[in-house]
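Going down the list, the sequences are from chains D and V. Per this note's numbering, the first sequence starts with residue 144, numbered consecutively. Per this note's numbering, the second sequence starts with residue 144, numbered consecutively.
Just so you know, the hints here were simulated from the structure itself, not pulled from any lab data. Keep in mind that this is a model prediction, so the values were computed, not measured. There may be inaccurate statements among the hints.
Pairs involving identical chains hold if they fit within one copy or between any two copies, as the list cannot separate such chains.
Subject to a maximum C-alpha distance of 20 angstroms in a straight line, what follows is the list of computed PhoX-like cross-link-like pairs (lysine-lysine) [said to hold, decoys possible]: (1) 201 x 269; (2) 265 x 153; (3) 163 x 190; (4) 211 x 201.
Chain by chain, the residues:
There are 2 protein chains.
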Amino acid sequence: MRRMEETLHKEIMELAEQAKTAVVCSVNTDGCPNAKAMLNLRRDGLKTFWFSTNLSSKRVSQFRNNGKACIYFVNENNFQGLMLVGTMEVCVDRETRAMLWREGFEIYYPAGIDDGDYCVLKFEAKTGNYYHGLRNTTFDVEES
Amino acid sequence: MRRMEETLHKEIMELAEQAKTAVVCSVNTDGCPNAKAMLNLRRDGLKTFWFSTNLSSKRVSQFRNNGKACIYFVNENNFQGLMLVGTMEVCVDRETRAMLWREGFEIYYPAGIDDGDYCVLKFEAKTGNYYHGLRNTTFDVEES
Numbered sequence: 144m145r146r147m148e149e150t151l152h153k154e155i156m157e158l159a160e161q162a163k164t165a166v167v168c169s170v171n172t173d174g175c176p177n178a179k180a181m182l183n184l185r186r187d188g189l190k191t192f193w194f195s196t197n198l199s200s201k202r203v204s205q206f207r208n209n210g211k212a213c214i215y216f217v218n219e220n221n222f223q224g225l226m227l228v229g230t231m232e233v234c235v236d237r238e239t240r241a242m243l244w245r246e247g248f249e250i251y252y253p254a255g256i257d258d259g260d261y262c263v264l265k266f267e268a269k270t271g272n273y274y275h276g277l278r279n280t281t282f283d284v285e286e287s
Numbered sequence: 144m145r146r147m148e149e150t151l152h153k154e155i156m157e158l159a160e161q162a163k164t165a166v167v168c169s170v171n172t173d174g175c176p177n178a179k180a181m182l183n184l185r186r187d188g189l190k191t192f193w194f195s196t197n198l199s200s201k202r203v204s205q206f207r208n209n210g211k212a213c214i215y216f217v218n219e220n221n222f223q224g225l226m227l228v229g230t231m232e233v234c235v236d237r238e239t240r241a242m243l244w245r246e247g248f249e250i251y252y253p254a255g256i257d258d259g260d261y262c263v264l265k266f267e268a269k270t271g272n273y274y275h276g277l278r279n280t281t282f283d284v285e286e287s
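Using the sequences provided together with the hints, build the complete structure.
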């Protein structure tokens, strides 16, 4: 793993910025990978990403049992794909929930920020893999 | 799990049919989920899907070590997502490789069907989960 060249770094950041959704992957109690598209709401560089979900969901119980995670961004028209591998934390503190709250979330969480079924998934990336066309780059997120 | 109603079944089949790519998920030797978009080339209902890849790729070594897999189809404009969970087999027999070969694959496998680095991933689904809007349906693929 090595520090990326600037243009490649910019290309990766743009993919993560522009993606409407990320495919969020967990491992279930049978050891099978699971996946679900989630809205790409907020991030800090390539290191931290936040997603909203229902506290009662299968994904939450999977991540509480096993925090190993990856998130994946794809632009299938340009043959671009970005995988980030790391850990997922289930956050129920009010500060994090308020930070991620968006207008319209009432559809999913009728009682608002304090809805008992609203929580935030916080993903912290360790390593990444990016491909574009036939080029494939593996990198350490801390160093990127 | 129960037999799906006909309109729902049709909707799911259309998503799997029309998707240009599937996000293919594996579990690496550290127990972390990994993901990669692959061209949605051929399928048999919702039960079997075939993907082409390089025999030397990370994904192949992961699936040879651990066949547990899921594939995921998303239409982010319609809030539709389909996860199929099952097993992945790495096929190197000529019949399977010839069956999946497409014009243009020479870019990836210069020596053609018999290129030593060309192989086929065969996915067999056991269970599925489909969501559309706020509705979520889990089903047994054999019964669907």
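Now the hints, each set against the structure:
1. Taking CA atoms no more than 20 angstroms apart as the test, residue 201 paired with residue 269 passes between copies only; the shortest distance there is 18 angstroms, against 24 angstroms inside one copy.
2. In this homomeric assembly, residue 265 and residue 153 never come within 20 angstroms of each other (Cα to Cα): the closest approach is 23 angstroms inside a single copy and 35 angstroms across copies.
3. For the homomeric pair residue 163 and residue 190, the shortest alpha-carbon distance inside one copy (18 angstroms) is at most 20 angstroms, but the shortest distance between copies (29 angstroms) is not.
4. Within a single copy, residue 211 and residue 201 get their C-alpha atoms as close as 15 angstroms, and across copies as close as 18 angstroms, so both meet the 20 angstroms cut-off.
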